[in-house]
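There are 2 protein chains.
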Amino acid sequence: MSVRQQVFNHLYETVERYGYGRYDGPILESAEIYEAKSGQEIADQQLYSLTDRGGRRLALRPEMTPSVARMIAGNAGSLQFPVRWYSHVNCHRYERPQRGRTREHWQLNVDIFGSDNPNCEIEIFELIHDVMNSLGATRDMWLLRVGDRAILNSVLRDVVKVPESAHQQTMALIDRWEKVPTEKLREDAAEFGLDGRMFDLLESTLRSGAEVLPDLPQEVRETSALARVMKSEAKDLFVFDPFIVRGLQYYTSTVFEVFDRSPANNRSLFGGGRYGDLAGLFTTQRIPGIGFGMGDVTLHDFLDTHGLLPEAKTEVDVTVIPVDDDLVPASREVARRLRQARIRTSTTLEPRKLGKELARADRSGARYAVIVGRDEWQRQAVVLRDLEGKAQHEIELTDVVAHLTERLAAPGA
Amino acid sequence: MSVRQQVFNHLYETVERYGYGRYDGPILESAEIYEAKSGQEIADQQLYSLTDRGGRRLALRPEMTPSVARMIAGNAGSLQFPVRWYSHVNCHRYERPQRGRTREHWQLNVDIFGSDNPNCEIEIFELIHDVMNSLGATRDMWLLRVGDRAILNSVLRDVVKVPESAHQQTMALIDRWEKVPTEKLREDAAEFGLDGRMFDLLESTLRSGAEVLPDLPQEVRETSALARVMKSEAKDLFVFDPFIVRGLQYYTSTVFEVFDRSPANNRSLFGGGRYGDLAGLFTTQRIPGIGFGMGDVTLHDFLDTHGLLPEAKTEVDVTVIPVDDDLVPASREVARRLRQARIRTSTTLEPRKLGKELARADRSGARYAVIVGRDEWQRQAVVLRDLEGKAQHEIELTDVVAHLTERLAAPGA
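If you read the protein sequences in the order shown, they are chains A and B.
Per the numbering used here: the first sequence = residues 1 to 413.
Per the numbering used here: the second sequence = residues 1 to 413.
Hint data in this document are derived by calculation from the structure and do not stem from the laboratory.
Be aware that one or more of the hints could be misleading.
Cβ pair distances, simulated, as ranges [to be verified]:
id	chain 1	residue 1	chain 2	residue 2	range
1	B	A409	A	A391	33 to 39 angstroms
2	B	S78	A	S78	50 to 56 angstroms
3	B	D236	A	R360	25 to 31 angstroms
4	B	S165	A	D44	53 to 59 angstroms
5	B	D24	A	K161	51 to 57 angstroms
6	B	H403	A	D52	52 to 58 angstroms
7	A	D52	B	A409	25 to 31 angstroms
8	A	D44	B	R176	33 to 39 angstroms
Glycine included, every Cβ here is placed at the ideal spot set by N, Cα and C.
Using the sequences and the accompanying hints, generate a full structural model.
What follows is the structure in structure tokens.
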């Protein structure tokens, strides 16, 4: 929990530094909104669904996008677009648990709603860099790969001349490119009418990366948000990669994925993209936007692979130990003072031998013990013990708080 | 979200100051564990249950206790008892939504596991006082009422002499005492064999509060954790109230409820109690403990009634506004510097007229605008505008961060 919370806090802090407001939503939604929007695989095979006592068909959210689309649509009249929103929620999918996949995961969702402007792309890319920085990840550890479906469509239509009827299947093929041997891809392509010559042309064109841009019609180059971003100072934040497609739902132009560069774990960490119209299911108003969803399971694996997981923090700074039962109220009084100074303090609940209590305090991760002894207490003093260095000395009760505050704030404490 | 998050953070901070470690658990659990432990009403009428694609009967957790019991039992071998744990989780119950009740609510669970010592009671009571303090609630706004089932059992057995067979029904009757007219209670009591004389004796004994204690057998007075707490300095933290029973599950002795004292909202805010053996379903090891669960819906009503809800915070401190499209990269550079200094900064995504952008920045809650103008930028300067006072002045780029850091840290900023 401590490791997880520290990682999560880095995410929140970074996103909030960009002025994103946090939202939340119900874990139960109408099953329909996933059946309508989330794609066949999720709706047919991965949904945890139930019928409630009122006869409604509900599902545990497998993702946050339909919920936020509904919320944005429902508040469109009062929102000042473009809006920056983020959430961090648990999602459920009935998948086969494996490395990087669990049935419940926590997802950070970051979106800008209500703008087509390529400045949104740049902000999201910058933010991703800052998120990765905040986690201690350097640029040699990961890579932001960005594609553009508008560019890809133009490649298919204007360069490779794939028949319109085969566009969808070709996109799905490109999406599988890195996971399937080329010969298998070639066979599959032939099945929906892409012959060997077209297949080779497709592959060489995609492999040429940004070099394909000059061959595309001027209109595509000028309207593509990504093509405009590539002319800005932000071009150094990512590599253009036409193989990035991101399934088939929502996204209409920019699509991106953050890849782990470690050979041990070479795969997509998270991704997102631009949607031309998010909330069509809930409103007639066109609401474009761009965003990403980052899951905690793959992120944890990434941080683990690169040795970036933070150390777990202890739960307590100081333990107050009475040497006898009748000094328990005195130890509570000491603890009260320390807590008022925001020092995390526990007390002994079941007084035993001092040695045992000290060993116990040490194991608990406390840095200091305050021992309440009979003679010391009579002169309004206690014994302060450094549980690491083992040094101890008597100190007046009135000095304990200031003394411990200073020691705990010292570097390395 | 901002209000909710501020309230929640007060809770976490207070509980952590006592050295409680946070845990989390799955929202889906086997339906059985609630059927076994949570009482008839929850299991039969309030559970959101489903059968997953693997044929398992699951339920959305209606409460956290069975989950934490399983976790404690599963780790009993490695835990250093007594342990202090807390969680904050959403729970689902299919109830009729009404004031103070929604189908989803967030519940703070705070428990000490593995100790029978009355010091646990005292710590939990102190912690409740600190939690209420942290929310700004003074003692005239709320009351901690504490009962003891061991004392109540003795009252029924030794004072009123209720037949053993009618104990359960009498307890249930007492639990309903404040919600039902006395005449109705008297009738119900008669039905399970409590005649008018016994009923009157029961009522007058319970109403006498702590005065009943000397009439109880010495053994009860000595073994009751609460009777021992009443002899300590902690007696001022609560009132002893034999009418507090808390349903019938889990609790074996101390039971308590925090009541709102406002006449407009006079009811239980949250409560808890001591269990003699928490994890009997999962282990043969006896694990006693004490704890409470605090829901966010009733808490919100309480804070609202007493004018204690915090003000929502804005999401941004500074907005950077370029006066023209080609100054957008410059405005991003300024924003980058501010964010590095942990200042929450947004930039204009779709540059429009300056007046409109300033109005927009003001509405967003930002305190300052940094205007990036053409001439100023050429001499490496920007215009800083106080969105509240409307004053503005030119400032060198190298001074912006220090200047805004200082202004935002000033009181009232």
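TODO: Compare the structure with the hints numbered earlier in the document and write down the numbers of the violated ones, lowest to highest.
DONE: Violated hints (numbers, rising): 7 and 8; every other hint is consistent with the structure.
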